[in-house]
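Protein chains in written order, with the UniProt record's numbering: chain V, 1 to 82; chain A, 1 to 82; chain S, 1 to 146; chain Z, 1 to 146.
Please keep in mind that the hints were generated in silico from the structure rather than gathered at the bench.
Heads up, the beta-carbon is just placed ideally off N, CA and C, and yes, glycines get one too.
Check each hint, because a few of them may be wrong.
Claimed, not checked - Label-pair ranges, simulated between beta-carbon atoms:
#, chain 1, residue 1, chain 2, residue 2, range
1, S, Thr47, Z, Asp13, 45 to 51 Å
2, Z, Gln66, S, Glu90, 29 to 35 Å
3, V, Ser47, S, Asp13, 37 to 43 Å
4, Z, Gly84, S, Glu6, 34 to 40 Å
5, S, Lys144, V, Gly70, 18 to 24 Å
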Amino acid sequence: MVNILFFAKSRELSGVNSAQITVLSQCTFTNLLENILQQYPSLAVISENIILALNEDYLSKDSDVNLQEGDEIAVIPPISGG
Amino acid sequence: MVNILFFAKSRELSGVNSAQITVLSQCTFTNLLENILQQYPSLAVISENIILALNEDYLSKDSDVNLQEGDEIAVIPPISGG
Amino acid sequence: MENHVEVRENKLDLEKITSTVTSPSCGAVSVFIVYQRNNFDGKRVKTLEYEAYIPMAKKKMFEVCQQIRDKWEVEKIAMEHRIGLVPVTEASIIIAISSPHRKESLEAVQYAIDTVKAIVPVWKKEIYEDESSQWKENKECYWKSS
Amino acid sequence: MENHVEVRENKLDLEKITSTVTSPSCGAVSVFIVYQRNNFDGKRVKTLEYEAYIPMAKKKMFEVCQQIRDKWEVEKIAMEHRIGLVPVTEASIIIAISSPHRKESLEAVQYAIDTVKAIVPVWKKEIYEDESSQWKENKECYWKSS
Numbered sequence: 001m002v003n004i005l006f007f008a009k010s011r012e013l014s015g016v017n018s019a020q021i022t023v024l025s026q027c028t029f030t031n032l033l034e035n036i037l038q039q040y041p042s043l044a045v046i047s048e049n050i051i052l053a054l055n056e057d058y059l060s061k062d063s064d065v066n067l068q069e070g071d072e073i074a075v076i077p078p079i080s081g082g
Numbered sequence: 001m002v003n004i005l006f007f008a009k010s011r012e013l014s015g016v017n018s019a020q021i022t023v024l025s026q027c028t029f030t031n032l033l034e035n036i037l038q039q040y041p042s043l044a045v046i047s048e049n050i051i052l053a054l055n056e057d058y059l060s061k062d063s064d065v066n067l068q069e070g071d072e073i074a075v076i077p078p079i080s081g082g
Numbered sequence: 001m002e003n004h005v006e007v008r009e010n011k012l013d014l015e016k017i018t019s020t021v022t023s024p025s026c027g028a029v030s031v032f033i034v035y036q037r038n039n040f041d042g043k044r045v046k047t048l049e050y051e052a053y054i055p056m057a058k059k060k061m062f063e064v065c066q067q068i069r070d071k072w073e074v075e076k077i078a079m080e081h082r083i084g085l086v087p088v089t090e091a092s093i094i095i096a097i098s099s100p101h102r103k104e105s106l107e108a109v110q111y112a113i114d115t116v117k118a119i120v121p122v123w124k125k126e127i128y129e130d131e132s133s134q135w136k137e138n139k140e141c142y143w144k145s146s
Numbered sequence: 001m002e003n004h005v006e007v008r009e010n011k012l013d014l015e016k017i018t019s020t021v022t023s024p025s026c027g028a029v030s031v032f033i034v035y036q037r038n039n040f041d042g043k044r045v046k047t048l049e050y051e052a053y054i055p056m057a058k059k060k061m062f063e064v065c066q067q068i069r070d071k072w073e074v075e076k077i078a079m080e081h082r083i084g085l086v087p088v089t090e091a092s093i094i095i096a097i098s099s100p101h102r103k104e105s106l107e108a109v110q111y112a113i114d115t116v117k118a119i120v121p122v123w124k125k126e127i128y129e130d131e132s133s134q135w136k137e138n139k140e141c142y143w144k145s146s
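One chain only, chain V, in its complex shape (with noise of 0.2 Å):
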């Protein structure tokens, strides 16, 4: 089980700030992110324009993920800061 953060956009669409959910533990970017739009569907409209954080920093979209219990992964939009 690790930690989901839904922010912006993402929070909108998905309905949730946070949830704790089920994925592999190894996996790549593109698997983790797949694996978060088959549990929420309704992001599916920005799955294009989405980055994955993990543990406070970004993953990478050509990555290999390790996951551990208790990790924080964060469904990120794009930022508009400043």
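With the hints as your guide, set chains A, S and Z onto chain V.
Below, chains A, S and Z without anything else, positioned relative to chain V:
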């Protein structure tokens, strides 16, 4: 007669803030500076390091100068504002 | 070497943020402030709403500080981002940087705002007078598809 | 299009100067502040004394504003220079510039301080703790011989 103003080091050397002096009404920058140095010989030590302003604009060192009664000349050592 | 980073819900205090970077040995302070504009593409903006992934936002702001120190000789860096409802004409971010010489702080503050806009997870929603709203996207954000 | 220029004997008010350049249509404000340092070449500076050829200084500051407007699309410009005794750690000049987009105000504020140092007739005398003193010379001043 023109008004002459002294600032910073030129004020300290001349010993006055301002004065009225008689100068040629038509001359070169170099003539005007020489004329001022004759009347205020204490400025000689900074003569290589001075620019003159006429009515609040810098004079170019190679310019001809036309002066009228009541004009304001300023003796301007290197600036250090900001 | 001091980095001050904050994400807060209340009004940003320009005087206070600037004073955190002054020091008797530093002559130059450059400050950059983003104020909220009252219009976008001709639509009147009623208010702005900011949200942040706060711990990650602070972590990335500290990373921006470190990147600046890798590139320029600056003394102190302060950056505060406001979140929540931000009224039009009020500041959403203030960045202040001091350095012994002016070139460094001026270049660093420019790099700072460019990089904050690219990597710090903060989101802005513009709420218009006709009650419509829109999540904005910084052009500096690399995973923006369009 | 507004230019605010002042040469004053009392303390400069950062908040007030910055507020003169904000407007509901301008998102970016860049500010540059010069604070007085407490040392020069290892000598401790006790206090600073500034003097200005005030009417010409203001005239040249307005010329700097105009040069900026010839080069960048900025909204409002404010610059205030303090004269008289300026305690160490207090500001001698504050320049604030607003623009619709940040690049303009950031570049303009850099140009502003560079040009002020080159053409505005203001002089600074550093008075050291050993009672010696020295008139400073900006390296940007073109008629400086050395």
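Evaluated hints:
1. S:Thr47 x Z:Asp13: 45 to 51 Å: Given a distance of about 28 Å, which is not inside 45 to 51 Å, the answer is violated.
2. Z:Gln66 x S:Glu90: 29 to 35 Å: 30 Å, holds
3. V:Ser47 x S:Asp13: 37 to 43 Å: 40 Å, holds
4. Z:Gly84 x S:Glu6: 34 to 40 Å: 36 Å, holds
5. S:Lys144 x V:Gly70: 18 to 24 Å: Given about 30 Å between the Cβ atoms, the range is violated.
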